[in-house]
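Student: Here's the letter readout for the chains.
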Amino acid sequence: MNARVKKDRTFEEAIARLESIVSELEGEDRGLERQFALFQEGMELARFCDARLTEVEKSVEIVLKESSEEWKTAPFEPAEAEGSDDGRG
Amino acid sequence: MYPRPVPAAAPPRPYTVSELLQEVSGVLRTTWRDVSVVGEVARYDLRNGHAYFTLKDKTACLSAIMFASDLRHVPFRIQAGLEIVVRGCLDLYAPQGRFQIRALAVEPVGQGALQLAFEQKKARLAAEGLFDPQRKRAIPRLPRRIALVTSPTGSVLRDMLNVLSRRFRRLAITIYPVRVQGELAAAEISFAVRHLNRRAAFDVLVIARGGGSPEDLAPFNDEGLARTIAASAIPTISGVGHETDVTICDLVSDLRAPTPSAAAELVIEKEEEILRSLARARRDCVRAMRARLSHERSRLVIAGRSRALAGFPGRVSDSRRRVSERRAALVAVLERRPAEYAARVTAARRVLEDFPRVAELARRGDAVASLRAMLLERQRRGAERRRSALSSLAHKLDALSPLAVLARGYSVVFKEKSRRPILSAESVRFGDRVSVQLHEGTFNAIVRETSRRTDDGPLFRQPEEES
Chain E
18 MNARVKKDRT FEEAIARLES IVSELEGEDR GLERQFALFQ EGMELARFCD ARLTEVEKSV
78 EIVLKESSEE WKTAPFEPAE AEGSDDGRG
Chain C
491 MYPRPVPAAA PPRPYTVSEL LQEVSGVLRT TWRDVSVVGE VARYDLRNGH AYFTLKDKTA
551 CLSAIMFASD LRHVPFRIQA GLEIVVRGCL DLYAPQGRFQ IRALAVEPVG QGALQLAFEQ
611 KKARLAAEGL FDPQRKRAIP RLPRRIALVT SPTGSVLRDM LNVLSRRFRR LAITIYPVRV
671 QGELAAAEIS FAVRHLNRRA AFDVLVIARG GGSPEDLAPF NDEGLARTIA ASAIPTISGV
731 GHETDVTICD LVSDLRAPTP SAAAELVIEK EEEILRSLAR ARRDCVRAMR ARLSHERSRL
791 VIAGRSRALA GFPGRVSDSR RRVSERRAAL VAVLERRPAE YAARVTAARR VLEDFPRVAE
851 LARRGDAVAS LRAMLLERQR RGAERRRSAL SSLAHKLDAL SPLAVLARGY SVVFKEKSRR
911 PILSAESVRF GDRVSVQLHE GTFNAIVRET SRRTDDGPLF RQPEEES
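Sequences listed follow chains E and C, in order.
Quick note: the first sequence uses my numbering, first residue 18, plus one each step.
Quick note: the second sequence uses my numbering, first residue 491, plus one each step.
Do not take every clue at face value.
[As the list claims (entries may be wrong)] Here are the computed distance ranges between Cβ atoms for each label pair:
| hint | chain 1 | residue 1 | chain 2 | residue 2 | range |
| --- | --- | --- | --- | --- | --- |
| 1 | E | 64 | C | 655 | 43 to 49 Å |
| 2 | C | 794 | E | 43 | 54 to 60 Å |
| 3 | E | 64 | C | 721 | 34 to 40 Å |
| 4 | C | 525 | E | 86 | 43 to 49 Å |
[Unchecked claim] Partial list, computed: chain C residues near chain E (C-beta under 8 Å):
| hint | residue |
| --- | --- |
| 5 | 527 |
| 6 | 598 |
| 7 | 602 |
| 8 | 660 |
| 9 | 661 |
| 10 | 664 |
| 11 | 665 |
| 12 | 666 |
| 13 | 667 |
| 14 | 685 |
| 15 | 708 |
| 16 | 768 |
| 17 | 772 |
Worth flagging that the hints you see were computed from the coordinates, not collected in a lab.
Note that the Cβ used here is the ideal one computed from N, Cα and C, for glycine as well.
Turn these sequences into a full structure, and let the hints steer you where they fit.
Tutor: Shown next as structure tokens:
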């Protein structure tokens with residue numbers, strides 16, 4: 018078992034692993050070495066999750082279609098006025 | 491039963507079949523131009539885009555045809571067993587002389603055409619497995635890039651952005667603007683889903699639209715859109731209409747939200763909740779480790795005080811004593827052994843020296859020669875014995891052979907072309923051709939006379955008795 022956190026791990030994989038480590042640690046069924054390895058892995062996962070949470074930059078953009086294949090985006094400025102194509106019945 | 495045709499003064503020229511049917515058909519079309527009839531569909535056939543079916547009730551049935559141009563406007567599928575109201579004109583199909591109704595419009599009985607169309611489509615896609623829970627993908631817990639497929643204007647988008655920004659401070663959101671009602675909406679939304687999939691940079695895709703009439707929501711019941719969503723590699727959340735509206739889009743998406751705002755809530759957990767659960771996990775890790783360490787430490791303390799440990803030094807000296815005893819025994823054995831071996835080696839050497847090697851070899855040579863002679867003698871005797879047995883058998887055979895009997899003057903008579911000897915005069919008749927075999931050669935003869943068997947016994951006797 019590799020205790021090092023894989024770089025390409027997704028957030029939910031990491032947090033799910035962290036949760037399973039917690040329940041395993043609370044099981045108290047393992048050898049001390051195993052438990053310590055789990056503990057270290059858990060701490061590293063917690064650090065990884067923390068980093069992931071702050072990684073994304075806030076942005077809101079809207080797709081501007083150029084052709085059927087290409088598109089580019091522009092920052093989205095929500096209009097204050099009610100649109101006609103509201104769709105609310 | 492029928493009144494006999496009254497002969498007219500000048501009987502008119504008879505109709506041809508075509509003329510008659512054409513005339514009746516004309517009458518039917520003008521007098522029954524717009525008629526509605528209710529019945530159950532039996533036997534439905536679709537050929538070249540035209541629908542051919544039978545409408546029936548308990549005692550009667552009526553052929554019906556609906557041309558492709560009219561069928562196109564029927565949203566639901568006409569199928570056997572369905573009770574429908576057919577509106578159209580009566581007609582006569584001349585090539586088969588068949589009376590039929592040409593349907594211009596059909597309506598299901600008991601529910602609206604659109605409702606029925608929806609139920610039928612739902613059942614069909616469900617049967618294909620498009621709504622199966624096991625093919626639904628999980629929505630990532632922390633989506634890094636979110637795509638919103640919705641109308642760019644209006645409160646729906648604004649509400650969703652509000653919800654999202656309240657729940658999480660940092661989100662990368664891409665809005666893909668589409669029309670959400672009208673004939674082009676379904677195709678536009680499908681295109682958007684495929685387009686976003688080609689970028690493969692999104693963790694979740696939200697399709698949203700506010701409430702509206704069933705007609706407004708029709709694009710979200712499009713079969714093509716349903717298949718596009720099912721094929722999407724990006725997990726999809728659908729938030730279409732109000733809570734009570736369930737569209738095909740809702741059913742095929744990986745997660746259904748009752749409203750667009752609810753969809754935004756399902757996109758991501760509240761940031762503080764994620765942080766809280768992360769902090770809790772970390773705390774639990776530390777707590778569990780601390781508990782374990784203190785547990786181990788106290789075990790160590792208890793172990794140090796235990797009687798097993800207290801008695802340990804005594805057990806060690808005990809063991810040491812046992813080891814030294816064994817070693818002494820071992821040394822004694824090892825010292826005794828070499829003398830024993832030496833004695834055995836000497837005895838063996840003596841035996842070997844007493845053994846005259848050359849004489850032994852000569853003896854072995856003699857033995858081989860005598861064995862070979864014995865073997866040859868035995869083989870020779872065996873062959874002789876077999877040879878004499880064979881010759882005595884040949885003598886016996888010779889004595890038994892009929893040829894030997896012939897040599898003593900007897901003959902055998904065969905019927906012509908037969909290999910069986912004649913044993914009785916009764917088996918031949920006057921004029922029969924027979925062949926007589928002598929000791930040397932044969933001759934043929936013709937039977938001249940036969941007489942009954944004498945008491946002398948069989949014609950052919952054993953030679954010993956004869957002599």
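Student: Please name the hints from earlier in the document that this structure breaks, with their numbers sorted from lowest to highest.
Tutor: 1, 2, 4, 5, 6, 7, 15
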